[in-house]
Amino acid sequence: MSGRGTRSRLTLAVTAASMSLVLAACSGDSTASPEPAEPPASRGAANPDAPAEQEPPTSEAVISANVEKGADDVAVDTAVAISVTKGTFDSVVVRDATHNQKVAGSLNEFDAKWTADDLLESGTRYVVSATATDSAGLVAKTRTRFSTEDLSLDQQTYPNIIPLQGETVGVGMPVIVQFDIPVANRADFERRMHVSASPSTVGSWHWMSDDEVHWRPKSYWHSGTEVDVHLDLNSVDAGNGIYGQVDRDVSFTVGRSVVMRADLDTLRMPVFVGGEHARTLEITAGKQGFRTRSGTKLIMEKFESKRFDAATVGIERGDPEYYNIPRVQYAQRLTFSGEFIHAAPWSVDDQGERNASHGCVGINTQDAAWLFGLTHRGDPMEVTGTVRRLEKGNGWTDWNQSFAEYKAGSAL
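Numbering of the sequence shown is given in my numbering, commencing with residue 1 and proceeding in unit increments.
Hints listed in this document are in silico derivations from the structure and should not be mistaken for laboratory results. Since the model is a prediction, treat every value here as computed from it, not as a measurement. Treat the hints with care, as some may be off.
[As the list claims (entries may be wrong)] SDA-like, lysine to any residue: derived pairs with alpha carbons at most 20 Å apart:
1. 102 to 55
2. 141 to 70
3. 113 to 138
4. 102 to 65
5. 69 to 138
6. 392 to 402
7. 69 to 116
8. 392 to 300
9. 86 to 139
10. 302 to 325
11. 392 to 206
12. 86 to 62
13. 218 to 196
14. 302 to 345
15. 407 to 219
16. 86 to 142
17. 306 to 372
18. 218 to 410
19. 102 to 113
20. 287 to 261
21. 306 to 323
22. 69 to 143
23. 69 to 93
24. 218 to 405
25. 141 to 107
Construct the entire structure; sequences and hints are all you get.
Quick look at the structure:
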């Protein structure tokens, strides 16, 4: 067993030696000394004779924005602007991610700057995506996220508008904007408040105070005029850390012309409808100590029936002048201080003869009903005959100044 095994190993050794000679003869001159073989190159090692790999070309277009990437307190009075240098935009999309709305905006004439149409919303997340191409056709892209500061209602001022949407008004009606928080930056707000009319009408804004501004035409409105009011105030800086809360739009129509001219000397009041004399009413007005104010007043409110309590104008119970009438008919307010024109059947004998009221203009019930059916808010009553002048702001007192004086109240 052991001899058979030894033979087998010998045979293998001879065979291997023979194969070595054959391989050596095939490899070259049998008389030359064999050169040591070079070790195989390591996998992945650089070949110095191979050309170097080139980095892909980069676009020269550089995209930037006026909001910091990832910012979480961007001011709401920012109008987002996206710009590109050494290139032009292919697309710019800004989205309000909180409300899933696309932000409107436009490119300039060179397609190199995109600007949002509006300012930003409070407490809102935004995403900016932009693509631009340079002169070599290479594309640059950017994607930016940011959020705005979250304002409380105490940091936002709301604009209330008079007249109401769709209302028909008198020829003296001003546009009235009232703010629930005062506006310090009047000029910035006024630049973004617009009144347009058909037919075109010249007019001006006039600030009554930091929380109220009016617009009136140069002269009374033409009957039939269509008026549109647009307040582009959302997120506008009002000053003192306050911003506009919303944009507002209101449209109204001017009705037929009704003008009342109350003469407190003659105690007569001609009424003109459509520029024509329609009727003259006999009136009574404020007696001594309660004189009716002279000046141009506007109808502010209308009540078919209203309680008149003297306590509301400072006359207390127990005073001989005190009154409390539960249902005064056809009452139309003229001032904040309590002057109305209304039916006064208790003073018919005084009407046209003497002043007997506590400041209101009284007329008989039939005339009061007729007048009530004609008028709208904003119809003017031009009162003359007393030295007591109507105070500015005691009602809608816009027509007690010349237009030049009125325009001086603009912030622009």
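Quick rundown of the hints versus the structure:
{"no.": "1", "hint": "102 to 55", "in the structure": "violated, 37 Å"}
{"no.": "2", "hint": "141 to 70", "in the structure": "holds, 17 Å"}
{"no.": "3", "hint": "113 to 138", "in the structure": "holds, 18 Å"}
{"no.": "4", "hint": "102 to 65", "in the structure": "holds, 17 Å"}
{"no.": "5", "hint": "69 to 138", "in the structure": "violated, 23 Å"}
{"no.": "6", "hint": "392 to 402", "in the structure": "holds, 13 Å"}
{"no.": "7", "hint": "69 to 116", "in the structure": "holds, 17 Å"}
{"no.": "8", "hint": "392 to 300", "in the structure": "holds, 15 Å"}
{"no.": "9", "hint": "86 to 139", "in the structure": "holds, 11 Å"}
{"no.": "10", "hint": "302 to 325", "in the structure": "holds, 17 Å"}
{"no.": "11", "hint": "392 to 206", "in the structure": "holds, 12 Å"}
{"no.": "12", "hint": "86 to 62", "in the structure": "holds, 7 Å"}
{"no.": "13", "hint": "218 to 196", "in the structure": "holds, 14 Å"}
{"no.": "14", "hint": "302 to 345", "in the structure": "holds, 18 Å"}
{"no.": "15", "hint": "407 to 219", "in the structure": "holds, 13 Å"}
{"no.": "16", "hint": "86 to 142", "in the structure": "holds, 15 Å"}
{"no.": "17", "hint": "306 to 372", "in the structure": "holds, 14 Å"}
{"no.": "18", "hint": "218 to 410", "in the structure": "holds, 14 Å"}
{"no.": "19", "hint": "102 to 113", "in the structure": "holds, 18 Å"}
{"no.": "20", "hint": "287 to 261", "in the structure": "holds, 19 Å"}
{"no.": "21", "hint": "306 to 323", "in the structure": "holds, 13 Å"}
{"no.": "22", "hint": "69 to 143", "in the structure": "holds, 9 Å"}
{"no.": "23", "hint": "69 to 93", "in the structure": "holds, 15 Å"}
{"no.": "24", "hint": "218 to 405", "in the structure": "holds, 11 Å"}
{"no.": "25", "hint": "141 to 107", "in the structure": "holds, 17 Å"}
Hint violations for this structure: numbers 1 and 5, all remaining hints satisfied.
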